[in-house]
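Chemist: Sequence:
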Amino acid sequence: MFQNTVKLISRICSPIVQTSIRHYPAPVKRFYRKTGIISSNGRYEITLDQRKLKTPKGAPFYVESEPLAVAVATEWDAQKETIDRSSMHLTSLSSTVLDNPGGLKKMDIVNYLVNYITTDAILYHSSNEQRLKELQLAEWSPIVDWFNKRYDVELKATDGLEVPSFPPGTAMNISRYLSSYNEAALNGFMFATDTLKSVVLTCACMDRFISVEKAVLLTRLEEEYQLGHWGRVEWAHDMQQLESQARLSAAVMFVHFNSSNAFVKQKIAVGEI
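Just so it is clear: in the sequence shown, position 243 is 243 by the UniProt record's numbering, and no numbers are missing.
Where hints are given, some of them may not hold.
Unchecked claim - Between beta-carbon pairs, the in silico distance windows are: (1) 60 <-> 115: 32 to 38 angstroms; (2) 51 <-> 25: 18 to 24 angstroms; (3) 209 <-> 169: 36 to 42 angstroms; (4) 54 <-> 111: 29 to 35 angstroms; (5) 175 <-> 57: 26 to 32 angstroms; (6) 128 <-> 52: 53 to 59 angstroms; (7) 42 <-> 224: 43 to 49 angstroms; (8) 208 <-> 74: 34 to 40 angstroms; (9) 41 <-> 118: 41 to 47 angstroms; (10) 84 <-> 241: 16 to 22 angstroms; (11) 30 <-> 59: 21 to 27 angstroms.
The set of hints was computed from the structure by calculation and includes no laboratory data. For each residue, glycine too, the CB sits at the ideal point set by N, CA and C.
Whenever a hint applies, use it, and build me the whole structure from the sequences.
Modeler: What follows is the structure, given as structure tokens:
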């Protein structure tokens, strides 16, 4: 009996070791040889070896812009031995528009973007480092000035933690501009804004006032400044910058292809790529 008691106490007092194993889904191997595009009633569908592409929710995948269809098909054609969905931003944006997982309506997106202005990255300047603040004034102020003239508003930067105050009519003017885009294009605006953390930079990029590369550099201004002092891990920071450029480039293309002037029929071959 004594031995049984010792065994019981030992079992109770023994530390319980819990192993946490995280299971990552195995990469999907490329299962098709050729990509193609078929057109019907103003809609363009993507085919993978004659099988039509579906959205994550299983709905038929289609876009209403021929150039966008070519770009999406190119994303699928560029996949190697395995499929990296995280690199196919145009496919992801198009699927989001079709599936609408968040149940967002057009005005929901417009309001999201308008409200984002209060936390816009380039409206908050450094209050601690004078050299960084001077750099921000030199690089960001021209963009804010352009935005104010372009949309007839009066945004002002702050070097404190308080939320900047805007004159009456600011939200209405920005909302009016954004509402001129359709729901699909607005999804591109939202994707770009989340990438840049700035509606101001997004609009400047969409209106071709600055390039994609410049927009990404401006949103990383403080980070680049700090890296200049403390050094950088070349491959890591370069990869982050390239990923941001890829996301923003896709967003700009998506907005353009889904805007009214992009629906003009173009003589683009839509056969197999």
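Chemist: Of all the hints given earlier, name the ones this structure violates by number, lowest first.
Modeler: 3, 8
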